[in-house]
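Given these sequences and hints, build the entire structure.
Read top to bottom, the protein sequences are chains B and G. Following the numbering used here, the numbering of the first sequence begins with 1 at its first residue and continues without gaps. Following the numbering used here, the numbering of the second sequence begins with 1001 at its first residue and continues without gaps.
These are computed hints drawn from the structure, not numbers from a lab. Accuracy of the hints is not assured; some may be wrong.
As the list claims (entries may be wrong) - Here are the simulated DSS-like pairs of lysine-lysine, each with C-alpha atoms no more than 27 Å apart in a straight line:
1. G:Lys1311 <-> G:Lys1454
2. G:Lys1124 <-> G:Lys1234
3. B:Lys104 <-> G:Lys1464
4. G:Lys1512 <-> G:Lys1464
5. G:Lys1640 <-> G:Lys1490
6. G:Lys1124 <-> G:Lys1573
7. G:Lys1269 <-> G:Lys1125
8. G:Lys1447 <-> G:Lys1512
9. G:Lys1640 <-> G:Lys1629
10. B:Lys104 <-> G:Lys1640
11. G:Lys1650 <-> G:Lys1464
12. G:Lys1402 <-> G:Lys1214
13. B:Lys31 <-> G:Lys1640
14. G:Lys1150 <-> G:Lys1234
15. G:Lys1650 <-> G:Lys1512
16. G:Lys1150 <-> G:Lys1125
17. G:Lys1464 <-> B:Lys57
18. G:Lys1640 <-> B:Lys33
19. G:Lys1640 <-> B:Lys57
20. G:Lys1124 <-> G:Lys1150
21. G:Lys1214 <-> G:Lys1150
22. B:Lys57 <-> G:Lys1454
23. G:Lys1512 <-> B:Lys57
24. G:Lys1490 <-> G:Lys1512
What follows is the residue order along each chain.
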Amino acid sequence: MKSRSVVFGLTALAASLVLCQAGALAASAEKGKAAYLQHGCWQCHGYQGQGGIAGAKLAPNPIPFETLSNFVRTTNRAMPPYREEILSNDDLADVYAYLQSIPKDPDPNSIPLLNP
Amino acid sequence: MARRDKSPQGSAARGPAVSRRKFMAGVALTSAATAVSPQGAAQAATTTTPSPSPALRPSALRPDVHVAAAETGTPKELAKAIGPDGSDFMVDVIRTLNIDYVCSNPASSFRALHESLIDYGGNKKPEFITCTHEESSVAIGHGYFKVTGKPLMMLCHGTVGLQHAAMAIYNAWCDRVPVIAIGGTDIDAAHRAPGVPTFHSAQDINALVRDFTKWDDQPVSLQHFAQSMVRAYKIAMTPPHEPVMIALDLGLQQEPIKAHERESLYIPKYVPTAPPQADSNAVREAARLLVNAERPVIVADRAARTPAGVKLLVELAETLQAPVIDQGGRMNFPNSHYLKQNSRAQVLISNADVIIGLELSDYWATVNRFVDNGLDGIGVNETVIKPGTKLIGISSVGLVTKSNYQDFQRFQSLDVDMAGDAEASLPALIEAVKASIPSDRRAALEKRGEALKKAYAEARERTKAAAAVAWNASPISTARLAMEIYGQIKDLDYSLVSSSGNVSGWPNRLWKMDKHHNWLGASGGYGVGYGAPAAIGAALGNRDIGGRFSVSIQSDGDLMYAPGVLWTAARHKIPILSVMHNNRGYHQEVMHVQRLANRRNRVAALGMDRSPIGTSIENPDIDYASLAKSMGYWGAGPIKDPTELGPTLKRAVEVVKSGQPALVDVWTQPR
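This is the structure:
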């Protein structure tokens, strides 16, 4: 019985992750940029998600959506959590789309100022 | 003639020669006998009244008409005296201390000393620096000391001026910086001018800043002033360095030197006090722990007071092959040295078996963590060290701890706790460490060093990669901002005189900082408004030393506290390049309000701005280049395109090299 519950739980989780991923893929980067600004993500992570002393790097190449989503909702105290009441799942998916749209950085070794 | 101290040590005072009291000779004071003398009148009264028998003697004699008039009537003007003024003697005293500048916004309560400084003293040693705000006056001295190791004097109005100055004095207190603050005050209520001067007088102006000054006094005679001034300087300049305060009565400044003082006044000799050193037994125990540690860590905050302190810290770290975490209160350790391991601070601290903290402003926060996201709205405290980790500390701060203001931070128990100046104690510690290392331990130390070299190189590459993220972004990333500046100054003997805004530490992470003046630390008390004036004070010091290029990364919120200091820099021809980190907000507070909104499940109200209402500096956007130009600066910007930044900075550097201050406004990412 216990193992069946575990299997069911994992199946449900997998299904929800697939849905979340699908939702993220269908999201709008343009709307996500607006939501990213509206909800203050930029304050710690920068306008391009580059991170800094106050927040982790989010882009380019963001972490998987489900990992990001779980963190945003709970955060384990690393940042103030954004609950669904103030950041909807759709908005979060749009934010993720925005992060995915941010172009890759130049190679640091190709930047003369970083190699004085 | 005013005499120097006749004590055995005092007959040959050090410091610059002082033009002695030429005005003293041959000048007679007119008698004060024309003034009403209550004492004299009372004496006359007693001599004309028959003495009652002891049994009938009243507790007080009835005043006769003269006494009553003297005690209750409107006081007459004090007799005018012709002769040398008290404030000229004060200038003589000040000049023995070799103080380069006096920073001040003028005020009536020190008008006599002001006049003596510029006319009797010739506006030299100290030279007047005209300020537009008392907070700037103090902070200029703050920055100047960090470059030169010499304190400046600041003059302020006793109440209103000192209240303006108070925040900057608190910054200096927290940052262990000496400032000689002098506040004019008119104590004599019967003779001071009514109205505004009386609004600006108080019984005890020093009370305003007593909680965060090391010593204060209110001299009541010229000899008292001479002692107090030299004592104040001596106390301020004994580590831990701290600001001191003297309340200076206007009457004392203005009144002529009294006849009986003319031959007895002297100027005490200033002899520096040797800094306090850690106890020798405790030093030996600390050395034993460090030598036997497997994973020792050195943490320094305000350890290197001078360039010599940097060398000593390098010697200690190399002897132990121990990583150094420089918390940045001063430039303690070269960032090109493989033992500087700031980027690995968290892992090093959490794995350490012995930690030595040198002049830490917050030992608790070095070995603990405060997480400001507790679900119940209360922050969470967590230790970050292993059980049994031995903690060693050398700090002079405990020698001057006061009660009210909480700059002493949380209490942290240490295993070996030494009260003493770290820099002064390092030679003994290094000697003890060298004497304690057994020969069979040296190989292990070398192996540790090799591992640290590898970790340093890897961390350097990670830092470069992090700096490249959003390299071409607009607003301009703080990494790009820092490296575009560095690209223009790296071949100069630069001094980053202030980094008032938070730019994620990029200069400390990526600029080569090997010299003590490459980095001067922060404000100490984190009072906004320090950056602009402290940078200009430091630039003044660098100008006088010569050959150095002063650059600051200037945040917008900080500059707007007292932007008039730009005029002071232009007026006094202080070359400095200020590059604005213009993120258009009080960004720390931006994040604080957002944090609380999230905690309460609310969407933060932005109004018409980008960030929560009340935290932005936009709508309208401030044109800092025009602001600077209006005060005599060369100005450019706002720069929003990163490709325009380098060429603009290049032009600005040339302007500064010519001796003029320049400001480049740059729209930046928040952090």
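Check each numbered hint from earlier against the structure, then list the numbers of those it violates in ascending order. Result: no hint breaks.
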